[in-house]
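S.K.: Residues per chain are reported as follows:
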Amino acid sequence: MGETTAAPRAMAAPGGRAASTPLLGNEREPTMFEMSVPGRTAYQLRTTGIDVRPLSELIPAEFLADAPCDIVEVSERDLVAHFTRLSHRQFSVDLGAYPLGSCTMKYNPKVCDTVAAMPGLADVHPGAPASLTQGWLALMVELEESLCEVTGMAAATLQPSAGAAGELTGLLLMGAYHEAQGDRRRRVLIPDSAHGTNPASATLGGYEVTTIPTDHRGLVDLEALREALDTDVAGIMLTNPNTAGLFEEDIAAIAAAVHEIGGLLYYDGANLNAILGVVRPGDMGFDIIHMNLHKTFATPHGGGGPGAGPVAVSQRVKDFLPGPKPALLEDGTYGWVTPPLSIGRVHGWHGNSLVLARALTYLKVHGGDGLRRVAERAVLNANWLRKRISEHYPAAYDRTCMHEVVVTATALKRATGIKAIDVAKRLLEEGFHSPTVYFPLIVDEALMFEPTETESLQTLESLAESLDRIALEALSNPEELQASPRTTPVRRVDEARAARVLVPTEDARVID
Amino acid sequence: MGETTAAPRAMAAPGGRAASTPLLGNEREPTMFEMSVPGRTAYQLRTTGIDVRPLSELIPAEFLADAPCDIVEVSERDLVAHFTRLSHRQFSVDLGAYPLGSCTMKYNPKVCDTVAAMPGLADVHPGAPASLTQGWLALMVELEESLCEVTGMAAATLQPSAGAAGELTGLLLMGAYHEAQGDRRRRVLIPDSAHGTNPASATLGGYEVTTIPTDHRGLVDLEALREALDTDVAGIMLTNPNTAGLFEEDIAAIAAAVHEIGGLLYYDGANLNAILGVVRPGDMGFDIIHMNLHKTFATPHGGGGPGAGPVAVSQRVKDFLPGPKPALLEDGTYGWVTPPLSIGRVHGWHGNSLVLARALTYLKVHGGDGLRRVAERAVLNANWLRKRISEHYPAAYDRTCMHEVVVTATALKRATGIKAIDVAKRLLEEGFHSPTVYFPLIVDEALMFEPTETESLQTLESLAESLDRIALEALSNPEELQASPRTTPVRRVDEARAARVLVPTEDARVID
Amino acid sequence: MPDYMPHTEAEVASMLAFLDLESIDQLFDAIPKALQVSAGLELPGGLPEPDVSYAMEGIARANRGAASAMVCFAGAGSYDHEVPPVVRSLAGRGEFVTAYTPYQPEVAQGMLQAIFEFQTLVSRLSGLPVANASLYDGAASVTEAINLAVASSKSQVVHLSTGVHPNWRAVVRTFARGTGHEIVEVPLKGGQSDFDAVAGGDHPGVIVVAQTTYLGTFDDVAAARRRADEVGAVLVVVADPILASILKTPGSLGADVVVGEGQPLGTALSFGGPYLGLFACSLHQVRRLPGRLVGETVDLEGRRAYVTTLRAREQDIRREKATSNVCSNQTLMAVTAAIQLGWLGTHGLAEVASRCVSSTRYLAEQVQSVAGVEALLPGVSVARDVAITTPIAAATVLERLADDGFLGGLAVASLASEGDGSIDPSLRERTIVMSATEKRTKAEVDALALALGSAIR
Amino acid sequence: MPDYMPHTEAEVASMLAFLDLESIDQLFDAIPKALQVSAGLELPGGLPEPDVSYAMEGIARANRGAASAMVCFAGAGSYDHEVPPVVRSLAGRGEFVTAYTPYQPEVAQGMLQAIFEFQTLVSRLSGLPVANASLYDGAASVTEAINLAVASSKSQVVHLSTGVHPNWRAVVRTFARGTGHEIVEVPLKGGQSDFDAVAGGDHPGVIVVAQTTYLGTFDDVAAARRRADEVGAVLVVVADPILASILKTPGSLGADVVVGEGQPLGTALSFGGPYLGLFACSLHQVRRLPGRLVGETVDLEGRRAYVTTLRAREQDIRREKATSNVCSNQTLMAVTAAIQLGWLGTHGLAEVASRCVSSTRYLAEQVQSVAGVEALLPGVSVARDVAITTPIAAATVLERLADDGFLGGLAVASLASEGDGSIDPSLRERTIVMSATEKRTKAEVDALALALGSAIR
Ligand SMILES: Cc1ncc(COP(=O)(O)O)c(C=O)c1O
Ligand SMILES: Cc1ncc(COP(=O)(O)O)c(C=O)c1O
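Residue numbers (this note's numbering), protein chains in the order written: chain A, 1 to 512; chain B, 1 to 512; chain C, 1 to 457; chain D, 1 to 457.
It should be emphasised that the hints constitute simulated quantities derived from the structure, not laboratory data. A portion of the hints provided could be inaccurate.
Which chain B residues face chain C? A few, computed with CB under 10 Å, are given here [stated by the list, open to error]:
| no. | residue |
| --- | --- |
| 1 | V74 |
| 2 | E76 |
| 3 | F83 |
| 4 | A164 |
| 5 | V209 |
| 6 | I251 |
| 7 | A327 |
| 8 | L329 |
| 9 | R377 |
| 10 | R399 |
| 11 | K425 |
| 12 | E453 |
Sample of chain D residues with no beta-carbon within 10 Å of chain C, all distances over it, derived [said to hold, decoys possible]:
| no. | residue |
| --- | --- |
| 13 | A30 |
| 14 | Q36 |
| 15 | V37 |
| 16 | P44 |
| 17 | E49 |
| 18 | P50 |
| 19 | E82 |
| 20 | P85 |
| 21 | E230 |
| 22 | V286 |
| 23 | L300 |
| 24 | K321 |
| 25 | E374 |
All residues carry an ideal CB built from backbone N, CA and C; glycine is no exception.
Isolated chain A (complex conformation):
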């Protein structure tokens, strides 16, 4: 009987079927749109007592759509199941070690989630008068001051939303500074090891980029730098430790040289974790610096963002900072003040405020001493791992590294055909997220490990054992290895096809 009058066959996808959670299976998860059924709803809204009038009485006809925009129609139950299953198809720090170089994927304390959810912080309208937001203003002033102390700078802005936004802000500050000296400089120097955001930001900042090579030590080639310097150079962008995980030992000389031609030093703070409480960019001679609070200060990365990229500057750049800035006023209250020569706003409001609240929480828990311990343990972990895996994965530069180590799989590749990417994929099967691969660009077959300070010695040892196993497997069974990962919900994906047959939305679907 079942099959006679049976159910509507051309059905939406079943929201209650859990075959895509890796706990049960590795089938694909339907999209919300595939689960959608006309007329199904989940929303519940407050009873207001205000009648909803016909839209035609409220909105001029030329602007009004004929019908509501069709988005999706699912039940709350299916919504929960869908996103819970998607979460099971996602790796995260909460699941295990994430030694992704340059990303500082440390443990994100849960207390910060609670702080960011406090109604007194989360429910504040950014345009509310200062009298109603004294807490937020105080928080921001305290954070600015703390970050200045950590970095050795004179003043800061919290507006930039991420590192790249901080970079661009910094470059505009650089320009404003030179302009105020009556100077218009066109070039910015950037090492070849730099992160891609550096040159991209420089371009958007209105500069031409001059690339400075890295020498055999893995450091800025001082000679090349000196040659590139002239009075058309607005400044240099450096990260220190650099992206090879090495401290730029010549920083004092570099700073002197750049300052001598009237240039400024920009510090890409992505690697600040290595030197917290040990050495400060300001003391090294940097004039402008951004921090990635989503790296160093443990605010979670959210699968791609949000971050926060505050910029701190030395005394002579201070007056150009974006505004309005939070400040303690003379009457003892907090308010907004715009610096005299401000470049203007770089954010629609005051920055990624709730990220800032998380960072201040982290800062307060650690205090000055704790931050130094962070750097020490981060560097200790990286060096331990560097030495421990050096047999099969020699460091690109054989010296004490800072918080991360770049190793190379060139020898492995030569011997077995196994590339850095194969190691990275195979490592997933071992229960670890892959390191960063093929960055920095100056190292062949680069694998960049940043173990971070919240991983234990046991985790490092286990990671090393996995890497050893992979190296042996590369010799004994390279084909199998290249087929990895095999235990994940999907295997290696066809990236070329994604670009060739672009399907950026459900409505462009061509597959199945």
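Dock chains B, C and D with the ligands against the given chain A, drawing on the hints supplied.
M.R.: Chains B, C and D with the ligands alone, transformed into the frame defined by chain A:
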């Protein structure tokens, strides 16, 4: 170099290794104890300003241990990773359909989590004076009244922590009632289809159990019941719909017969979901009833509990209810009142209060109409499924069922050797939780499906298709089927060994 | 009205058609019309979620006494401990919260392993080799322990120390109506069980004492063991799971069964529930163990796995012959306790325990320095609670303290009824039991003492 | 002090020994001693988590203006919408919160699919076929849109309507310092862009208008499209994602790029961030798209899979030639928006949009019935905000309303600086822009109107 001074080899388990999350692999997750490292800590406590004195000054030596009890030593990071990974090894309603018969695994609205976490509810000491807990008292009174209206009873107690506790409470009420009539009755009648808690509770309530058989309709055998009735019978325990998912049509006759000999009717409310707003136990003639708020009222089951098993009673049993009970006093405030002939407390305090708050939230969202819709859709779903799967999985009793349907795999077993348990295990691979198996005991090879009202038609159809597939596979490839589940973190487990070589704690471990 | 059901009207219609039905009411045709609700339930109509949230917030606000709003010195079994965001966040994961009892171990290793870890922790803290997966609360645990002990000793006479929380004793008495156990309450003398006072009657089969009493004194478990040996009784010990870190374990002192209230292990005060009944026993009692037990085993590929075991004890198998009727328990609280204990660790738990004792001693000193306030039992060591007497009714004092923002403790008269063996009848109405957890600061204690000075006037 | 690092002292020692080091300081030997921090950072010592929580609670309490504490009528781009527990709970799952950018698609299908769904939703709402994975906020989106449009039109002259939020325009101007774009602001007339007022200058390569202005009026996108066609400009439209449900899509009206602020889609007011920059464009612009883009593909077994695609646009590959410098974006807010839109669905979003317009109209009527309060633009339809003028300074009125428990709106003078083309200079100081979302009740609106009556006196 790596291998010379290499790392300590006899190490604790690596907390950062995620090979046990099914996303990456199906290795076993180490226990917290295996990850433990002497001296490692996670805790952080408030600064109090009170000095901790030497314990020897505070505690008589004969009571004081020589050293703190060794429990476990892990970092917060590893704790998070461990329990997040464990959560990935656990099925739940949030992941997908859970058609576990008799358990009413409906969607648990997330709003109830928020309510249960409100500091004004969660942070209240149960012994605080009534003047400080007026909100809680009001909540409880409102819930009692609502539950009485839903069930058609006169008064209720919220103290019992779960259904079984409600049963025992109800049986003690039955005893107190008879005693107050100067009657001491020794027997309680229970159908053979009843849940095991019913006879177990009856024993603890001081009764002997007389089992009443089920007739060919799947209902109480009225003749057998009549024969069993005499003035030694304190009452009968029924669930209606019964555990075969059928409504006891003769309920009026049963009630009359039991009342005639002076007995009381106890209603096991586990199946209340089917009849919300349709028919009320009180109107059927029941005198005492428990509800499972963790079934009918959507409070989550927490992997085994907590539940809440309020008991409601008719006018004549009211005075015996446990106390103290929340009540609106004459002065307009709320307070605690103990019924005149109360059997006493059945809970250390007032019941599973936060579960009660969730249930009231659910009740308020649904209101009277909504509850009836719940029953309608629950029954509609069960019947649709019953008919849809009847080809391969005929219902044990071929008639309209209520909120759940018991089907039998006897024919399948005869034809293929595939048993109910095999179907249940194989269904996991299809992305569905198994139904309840081998219950009620009166049905051979029973598979008890309770789809619940929050599952969609699409989910039901997909479940049916999976069941069809399994039936065909039973014919074509029974060995494969018996090997299921194959995609889960562990395969079928050795239950006999668990009982034979008891390892109830880490300290009793004999494996690996 | 919006709700959580997915059915569109079209779907309901198509489903009915599939069933050859015209209306949904026909599904209920087996139910006699006369019995059916005709005019709908007399309940208010459904409200959208946000309206209900506002309503529940209003209810919550009416609880003046929330520990988040008042400084909490109330204890006596339920304590205001630190529960960090990390524990709440992990224990609140949907997979744990919305799972059922682990009937299919292949997809329930998460809960099963967490329970196994919980059992291990309870076993270590109690000093006994087996612990179950939880019972409803401390009161339920002591009730079940008595049932087990009676079954084992074959005597229904129970000597129950009045050091055990009065509410729990009330629960024991209620359930004894069904089992017929004879519950004899043992009075306290100097804060310890005075067995001589009940020596006249039948020899008990079961002795129950609290290692630390609800009034904050240390009872003598070793002495209770000697007593039990003399009369051949099974010894049940009620223990506090925090102090378990620093006290000799009841197991090492000879307890046969150890029970307790697990609320202090990560569960909020919660107006009394859901709490967590702890239950541990010796190996030879395991076949009488109430509730679920998780054991380790292997799967068919030899991988370590967990499963509920010795199920033949349980009601769903043994029915009227089961050792207990418990089915749903408090698993989520057990998992919470495992997480909280993991977070505290050996050192954290010891630190919390030490602070509780130390700060309660400081509290005792400060409040007893107020003229008119006396120790209930001068010179007797305090564990994690202290009982004091005031010159006026305790209830009045507490109301006044509340006006100053303090939940100053519990009035013993609100717990122990008249004639209770735990306390001198002449002092009952004037006794407060109070406690300082690891969260209480010096400033808070000092302020309480100050407020108490005015409150007793 | 406690912290989050697992290292025991013994482990530190053994790790140092493995590295042949005596002290941890030696790890930093490459850093010139003279540069090193000698005496430690001048920061307070670390505090335990609970102390910090209390401190942060104190800070939070100092924000009198929290929408949970005051009735919020402030809008102008950031709105107090219902975000239900279910959305917060799903978006808060640790797997989403603590993931990095999906660099390894095999273990990031969760985020990738969620972003794909987000892109689909934004595409549907904008009426354009491609949407990216998010940018920082509305201001960043409009800035990037201008960059894309300039690159496409090859003219750096940008006609930017002053109907666009003043803060966003400020951001555009700041970043134009680097790109050298010439930003010409187009004044409003009767609440719509008055292109004739700027017709004198160079032909623009880019025209930017807001479909609904920050003052709550409807601008005429079709007219802007005609203008753009006349001068050969690329048309960028700023749209509100809620009203998108009921208005003609900007795409259907001829927008080349649609941008917006996604905060109303499930993100709290958050004191301005993290918010969500929405960005959609036509297919032929896709190789200039800023930020990440997720595309569908297959894995090597042919299973549907998602991956970030067209990466050659991005800074990590293209470096100084990249279309944008953006790296980290606001993915978590994008996922939140997808969840929130899933919860609202087609009907819920339309209901919210209709309520916003309807309730804001009611709000407009009520406050304008107060003597002395006028519409800024009498007779002009209001979208989801309404601008009113008061007889006294708007800032003073708002302070007074705050004392009565209302966040009564935003003072236009706090947003638009002197001479801003969006508003009559003589009214700037006396104009308030206010909004009623779907959450505002009749009682609240009526009470606001009453309070306003006193506040303007
Ligand atoms: C060295 C370096 N610089 C800059 C950035 C850009 O930072 P963000 O992603 O916050 O924009 C990164 C991010 O990975 C980085 O590693
Ligand atoms: C029919 C029936 N009765 C009683 C119970 C016991 O309820 P609880 O688990 O709440 O004690 C159950 C639980 O599954 C049940 O299904």
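S.K.: Does each hint fit the structure? Answer for all of them.
M.R.: Hint-by-hint comparison with the structure:
no.: 1; hint: V74; in the structure: holds, 6 Å
no.: 2; hint: E76; in the structure: holds, 6 Å
no.: 3; hint: F83; in the structure: holds, 4 Å
no.: 4; hint: A164; in the structure: holds, 4 Å
no.: 5; hint: V209; in the structure: holds, 5 Å
no.: 6; hint: I251; in the structure: holds, 7 Å
no.: 7; hint: A327; in the structure: violated, 16 Å
no.: 8; hint: L329; in the structure: violated, 15 Å
no.: 9; hint: R377; in the structure: holds, 5 Å
no.: 10; hint: R399; in the structure: holds, 7 Å
no.: 11; hint: K425; in the structure: holds, 7 Å
no.: 12; hint: E453; in the structure: holds, 5 Å
no.: 13; hint: A30; in the structure: holds, 36 Å
no.: 14; hint: Q36; in the structure: holds, 33 Å
no.: 15; hint: V37; in the structure: holds, 31 Å
no.: 16; hint: P44; in the structure: holds, 18 Å
no.: 17; hint: E49; in the structure: violated, 6 Å
no.: 18; hint: P50; in the structure: violated, 6 Å
no.: 19; hint: E82; in the structure: violated, 6 Å
no.: 20; hint: P85; in the structure: violated, 8 Å
no.: 21; hint: E230; in the structure: holds, 48 Å
no.: 22; hint: V286; in the structure: holds, 36 Å
no.: 23; hint: L300; in the structure: holds, 27 Å
no.: 24; hint: K321; in the structure: holds, 43 Å
no.: 25; hint: E374; in the structure: holds, 33 Å
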